[in-house]
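Protein chains: 2
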Amino acid sequence: MNDMTPPAHAPLSPGELEAALRAVGAERYHNLHPFHRRLHGGQCTRGQVQAWALNRYYYQSRIPAKDAALISRLPTAELRREWRRRLLDHDGDAPGTGGIERWLKLAEGVGLDRATVESTEAILPGTRFAVDAYVTFVRENSVLEAIASSLTEMFSPGIISERVSGMLKHYDFITETTLAYFTPRLTQAPRDVDFALGYVLQHARSVEQQAAVLAALRFKCDVLWSQLDALDYAYVSPGNIPPGAFVP
Amino acid sequence: MNDMTPPAHAPLSPGELEAALRAVGAERYHNLHPFHRRLHGGQCTRGQVQAWALNRYYYQSRIPAKDAALISRLPTAELRREWRRRLLDHDGDAPGTGGIERWLKLAEGVGLDRATVESTEAILPGTRFAVDAYVTFVRENSVLEAIASSLTEMFSPGIISERVSGMLKHYDFITETTLAYFTPRLTQAPRDVDFALGYVLQHARSVEQQAAVLAALRFKCDVLWSQLDALDYAYVSPGNIPPGAFVP
Numbered sequence: 001m002n003d004m005t006p007p008a009h010a011p012l013s014p015g016e017l018e019a020a021l022r023a024v025g026a027e028r029y030h031n032l033h034p035f036h037r038r039l040h041g042g043q044c045t046r047g048q049v050q051a052w053a054l055n056r057y058y059y060q061s062r063i064p065a066k067d068a069a070l071i072s073r074l075p076t077a078e079l080r081r082e083w084r085r086r087l088l089d090h091d092g093d094a095p096g097t098g099g100i101e102r103w104l105k106l107a108e109g110v111g112l113d114r115a116t117v118e119s120t121e122a123i124l125p126g127t128r129f130a131v132d133a134y135v136t137f138v139r140e141n142s143v144l145e146a147i148a149s150s151l152t153e154m155f156s157p158g159i160i161s162e163r164v165s166g167m168l169k170h171y172d173f174i175t176e177t178t179l180a181y182f183t184p185r186l187t188q189a190p191r192d193v194d195f196a197l198g199y200v201l202q203h204a205r206s207v208e209q210q211a212a213v214l215a216a217l218r219f220k221c222d223v224l225w226s227q228l229d230a231l232d233y234a235y236v237s238p239g240n241i242p243p244g245a246f247v248p
Numbered sequence: 001m002n003d004m005t006p007p008a009h010a011p012l013s014p015g016e017l018e019a020a021l022r023a024v025g026a027e028r029y030h031n032l033h034p035f036h037r038r039l040h041g042g043q044c045t046r047g048q049v050q051a052w053a054l055n056r057y058y059y060q061s062r063i064p065a066k067d068a069a070l071i072s073r074l075p076t077a078e079l080r081r082e083w084r085r086r087l088l089d090h091d092g093d094a095p096g097t098g099g100i101e102r103w104l105k106l107a108e109g110v111g112l113d114r115a116t117v118e119s120t121e122a123i124l125p126g127t128r129f130a131v132d133a134y135v136t137f138v139r140e141n142s143v144l145e146a147i148a149s150s151l152t153e154m155f156s157p158g159i160i161s162e163r164v165s166g167m168l169k170h171y172d173f174i175t176e177t178t179l180a181y182f183t184p185r186l187t188q189a190p191r192d193v194d195f196a197l198g199y200v201l202q203h204a205r206s207v208e209q210q211a212a213v214l215a216a217l218r219f220k221c222d223v224l225w226s227q228l229d230a231l232d233y234a235y236v237s238p239g240n241i242p243p244g245a246f247v248p
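Protein sequence lines correspond, in order, to chains A and B.
According to this note's numbering, the first sequence is numbered sequentially starting from 1.
According to this note's numbering, the second sequence is numbered sequentially starting from 1.
So here's chain A without its partners, still in its complex pose (with noise of 0.2 Å):
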């Protein structure tokens, strides 16, 4: 972790540690990521698109780990039955349902076949480190912490409505359909957010662990931009695909 050093001031108010929270993602959220203006302004190859969906499919389908991480951990069946939604949201509750299936859908649709989108094995080296990390990070870390890494969701809602009208109007091979995984997200995200962001702002009362909970969302921050440096590296300029990965 880095920034870990106390600062030397007393605590943040709640309401100041939430404008603290917002600013790290005023500078750090994925949507001001060259590779997101160039996918929501039209500028991406029908290759491109895919290469985004097949590697946000690996994102995408460790998200259940991760919170299966967390619940794993929380000491109550309350805080455990909150955080269940969101296993619910991405697996869903019968086959053809959920998050990740929906995914699966949006990958279809741009032209993948859903076996090798389903086998990862065609997703860059540097989606999976980033990914992996994230699991990684909520299953070692404070339980506050792992919280808080889950709060780039309060940013959410903005890149989402700018991605779902840029790419139905930028792209003749994507419908509405297609983007189906982005509906519910935004009213899921929301709901999370409202109690995620109320048991960070409720329990990191200390410099030391406010000092904490910001320093996870930077973390979480850089898992989401470091997917887009990858892609952007390897699939806007010639020569840099690595060794073993999808090849549009």
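Derived by calculation from the structure, the hints in this document are not laboratory data.
Where a beta carbon is used, it is the ideal one built from N, C-alpha and C, also for glycine.
Check before you lean on any hint, since a few could be wrong.
Claimed, not checked - Just a sample of chain B residues kept apart from chain A, beta carbon distances all over 12 Å, derived: (1) D132; (2) R139; (3) T175; (4) A189; (5) D229.
Stated by the list, open to error - Computed, partial: chain A to chain B, Cβ under 8 Å: (6) A26; (7) E27; (8) N31; (9) R37; (10) G41; (11) P125; (12) F129; (13) A230; (14) D232; (15) P242.
Mind docking chain B on chain A? Use the hints.
For chain B alone, kept in the frame of chain A given last:
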């Protein structure tokens, strides 16, 4: 792990397995990466050489964590003694000795501040995630796979001599003293390989074990390659340095 499906053939002989391991290096070792060609060929700016030294320090600094994790899993004193030499190589036996210390001298030699390097605060997230993935791999996979993942050292004498001669020739700010890290590696790496390769050839007998050690070596090549992807992306084209990372 990728590519774990056992191929439908008999196990390889030790000689065939060694050839298959060497073929992984011929395709995926990071001497082939564009950033290394740039670094060794004199096309890097001093700032790019600094970024390389700063980020590579994190790899160096975590190698003893990786080796200690493996030692903690080895079953006999004989095996642990063998592997313990690596701790000595990297951590030394007195202050101011060992590979990590020599890497710090390299970093200082190219103009970096020692405290900044040791803090690792300014490294690229892609570096951190790749290196941490290596430590986690050694903790979580079989001892056989963990040992196999060290076998990129089979390929390192070639890259070291190319690097040292290329950097001395092309950069007037680099001296033999700066690159003193690499001199003992030329004898340590072959000695380490003798043991690790012998262990792998002896213990990877089944088709499944052979597929696993080949996948472990591919994984390790990805760890090295991905670090150069992150450097090449962030420091070669303008505008790509992620928030919070070193700015030359």
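R139 of chain B and chain A, when compared Cβ to Cβ, separated by more than 12 Å:
About 10 Å separates R139 of chain B from the closest Cβ of chain A, which leaves it inside 12 Å; violated.
If you take the shortest Cβ to Cβ gap from P125 of chain A to chain B, is it below 8 Å?
holds, 4 Å
Please verify that hint: P242 of chain A, Cβ, nearest Cβ of chain B, below 8 Å or not.
holds, 6 Å
Is D132 of chain B truly not at the interface, in the sense that its beta carbon sits beyond 12 Å from all beta carbons of chain A?
The assertion about D132 of chain B is violated, with a minimum of 6 Å to chain A.
12 Å Cβ clearance of T175 of chain B from chain A:
Answer for T175 of chain B: holds, closest chain A Cβ roughly 32 Å.
Chain A versus A189 of chain B - minimum CB to CB distance exceeding 12 Å, so not interface
holds, 22 Å
Would the stated hint for D232 of chain A survive a check requiring a Cβ distance to chain B of less than 8 Å?
With a minimum Cβ separation of about 7 Å from chain B (threshold 8 Å), the hint on D232 of chain A holds.
Using the nearest Cβ pair, does G41 of chain A come within less than 8 Å of chain B?
violated, 16 Å
Is the interface hint satisfied for A230 of chain A? The criterion is a beta-carbon contact with chain B at less than 8 Å.
holds, 7 Å
Taking the closest pair, is the beta carbon of D229 of chain B still more than 12 Å from chain A?
violated, 5 Å
Given F129 of chain A was flagged as interface, is its beta-carbon under 8 Å from a beta-carbon of chain B?
Check passed: Cβ of F129 of chain A comes within 4 Å of chain B, closer than 8 Å.
The hint names N31 of chain A as touching chain B; please verify it with the least Cβ-Cβ distance against 8 Å.
violated, 13 Å
Checked against the numbered hints given earlier, the structure breaks hints 1, 2, 5, 6, 8, 9, 10 and satisfies all the rest.
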